[in-house]
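With full-length UniProt numbering as the guide, the letters of the sequence shown map in order to residues 1 to 731.
One thing to keep in mind: the hints can contain errors.
[As the list claims (entries may be wrong)] BS3-like mimics (lysine-lysine), calculated; alpha carbons at most 27 Å apart, straight line:
| hint | residue 1 | residue 2 |
| --- | --- | --- |
| 1 | Lys22 | Lys475 |
| 2 | Lys571 | Lys627 |
| 3 | Lys43 | Lys462 |
| 4 | Lys373 | Lys100 |
| 5 | Lys585 | Lys700 |
| 6 | Lys252 | Lys475 |
| 7 | Lys717 | Lys645 |
| 8 | Lys267 | Lys673 |
| 9 | Lys414 | Lys100 |
| 10 | Lys606 | Lys172 |
| 11 | Lys373 | Lys29 |
| 12 | Lys462 | Lys571 |
| 13 | Lys252 | Lys74 |
| 14 | Lys71 | Lys252 |
| 15 | Lys376 | Lys81 |
| 16 | Lys111 | Lys43 |
| 17 | Lys582 | Lys703 |
| 18 | Lys78 | Lys373 |
| 19 | Lys260 | Lys582 |
| 20 | Lys267 | Lys166 |
| 21 | Lys571 | Lys600 |
| 22 | Lys606 | Lys585 |
| 23 | Lys700 | Lys582 |
| 24 | Lys588 | Lys627 |
| 25 | Lys380 | Lys22 |
[As the list claims (entries may be wrong)] Distance windows between CB atoms, simulated:
| hint | residue 1 | residue 2 | range |
| --- | --- | --- | --- |
| 26 | Gln129 | Ser560 | 36 to 42 Å |
| 27 | Asp338 | Leu56 | 32 to 38 Å |
| 28 | Glu608 | Lys252 | 52 to 58 Å |
| 29 | Arg259 | Glu67 | 56 to 62 Å |
| 30 | Glu52 | Ala640 | 28 to 34 Å |
| 31 | Glu67 | Val580 | 56 to 62 Å |
| 32 | Pro263 | Lys100 | 33 to 39 Å |
| 33 | Gly655 | Ala128 | 50 to 56 Å |
These are computed hints drawn from the structure, not numbers from a lab.
Idealized CB from N, CA, C, for every residue including glycine.
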Amino acid sequence: MKNKLLPLLLLLGIVGVSAQDKIIGFSEKASEEQTQLEAEYEKQLSTKNLDEWMKLMVAEPHWVGTEYGEKNVKWMEKQFKSWGYKTRIDTYQVLFPYPKVRVLELTGPTKYTASLEAIPVEGDPYTAQGDKLLPSYNAFSTDGDVEADLVFVNYGIPSDYEELAKLGIDVKGKIVIAKYQGSWRGIKPKLAAEMGAIGCIIYSDPKDDGYYQGDVYPKGPFKNKTGVQRGSVMDMPLYPGDVLTPGYAATKDAKRLDRKDAPTITKIPVLPISYEDAQPLLAALEGPVAPSNWRGGLPITYHIGPGPAKVHLKLEFDWQLKPAHNLIATLEGDEFPDEWVIRGNHHDAWVHGASDPVSGMVALMEEARVVGKLAKAGNKPKRTLVYCAWDAEEPGLIGSTEWVEDHIPELKEKAVAYINTDGNSRGYLGAGGSHSLQAMVSQVANVVTDPQKGVSVAERRKAANVMRGGDNSFKLSALGSGSDYTPFIQHTGIASLNLGYGGEGSGGEYHTIYDTYSHYTRFKDPGFAYGVALANTAGRISLRLANAEVLPFELTQWHSTIETYLGEVIKTLETMRADVEKHNKLVKADTYGLVMDPKKPIAPAKMEGEVPYLDFSPIQNVVAELKKSIETFSKADALALSPAKKAQLNQELMGMEQILLQDKGLPRRDWFKHQIYAPGFYTGYGVKTLPGVREAIEQKEWKEAQEQIGVLATTLKAFNAQVQKLNSIVQ
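Given only the sequences and the hints, what does the whole structure look like? Please build it.
If you want it as structure tokens, here you go:
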């Protein structure tokens, strides 16, 4: 309750900052100064700017390579210059496919040709821009012309193919149709190809994303029958960024792979469609009735197939190098110019992109405007602030990845942290990132006020957690993938955050022609109050990182998180072992066969291989050693050190996250080097913590799992050595 009164009391000049309110990384006096600075910062944030800037930026579609995209970049550069920033535009030449031919036909037993077009809606002029609108497609699908029987595969994730195997259904030589959701879209064609399918169709089912959820656009925010979600299907869990320059920057003269050799382009053609176009295809299927948890919201009986529905899918793309323009705006630090706090959001969109990404982009700009104004008034940050507007995020995190790959040595030397935002709407604060930053983010969340409820955003987040079955605590989630933090944390080892509000602005506009200014201002964040809340949250974090006397990396909560992850992995193995033992007993007793409905036969259950016991002691021992080292560090008063010692300590703290990388990377994908966080090989955006060990266990690669236990133990030993180095400085 005290923090709610703090801005008022500071305004009246009758309160300082007590010891318990001291900001992490700041002395008592510096905490008071920082609190006053942040109060002034918050006071100057304007919803009007966010509204005006969004309307300008989303007036026309602006995907990578468009004239309007370049126009936006140059306009943003002009604004940053006027606010006192040094600017430059870093441009990379990246492969981008534009759809030339899109054909989808039901050729039997009845005929239907998919329209593949979304209708303009009354009251939203942006949806009626005709040829300016990007056609619906999946970027980095391969070209293809295929015709085959159709099979419905639910969400097209591994468990769905296990269910198909039980039913004796094989997708080899077939075209599959999968629902959006359940996993990142790129996993669906990846798995389908591994299972032998020759084509993939993805649609949004109205139960997940349509009239089942609420009124459809334009009456309500949800996806209407013609809406189609665009998106990349690049195999980003292998590596993100330009598909032709893996691991190095796509500069003008870079050596490029031949397109046929690019491993992240899909092996089969993929096309997204609306639920209007999906219904005739699904209605023509026969075969087994889909399990109850597979059935969607269309007025049909959901069958699996294969056939008799037969479809023809033909796709051709114009594969060209396109310029991706990253705007880099720098405000040099007063005391530590070679220590960088990097703040980013992407500016490219699939169509207009009001929600994704411009709602986040205008919040970043307002943050930068006020920080620049404060700097002109004599409150320059101690460390350098670098504001980045990334291009080509939508097709595969390309702009940010190429920039990071182009600047790795400098980033490893100078970067303190990276703070990312993307789309934003009404609701609760979502925050993920490096758990060494959890304590600092929690402090910020406790002083930012929710614009609808008048309590701190931390309090509201915790209440939501409790209502969803969680505990009453504020914690960072782990970062998988899906936005521009990926190359910073998982490839380069820079402590990172991803921030955004949401949960009360649900709708079906994502990656459709309906993600417009009209839709956003009606349904997502009317009045832009949460845009200002985002600028307030991210701005305070940026300013604290920039001004801290000792960088606010806190290791006690980090260690607790690692212990939790290790416990989860061990529990996963134990659960798998118990499940296999139970399954094998049921097979031996013919229990599955006795309960099988003879009119609905399934493949006979088979014995599964035993789950071995793995030796986790190398990790457990080093985690125990780490606890002692971190307890020693947490007791030290780093703020009492001399300026020279503080500078030395900060340099060591800046490199902590890099120690959690292994140069060899993860098995089968060496671009991903972080040993604590990674996107899942078969989840895409979804995170896998302790990924080397966890995924080897999940995929029953027992030898690899034991090897990865050793790799992780070695990584944590190196981290422990670094903590001991910190202790030698603070003693």
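inquiry  = To test your reading of the hints: which numbers does this structure violate?
reply    = The structure conflicts with hints 4, 6, 9, 16, 19, 21, 24, 26, 29, 30 and 32, although it agrees with all the remaining ones.
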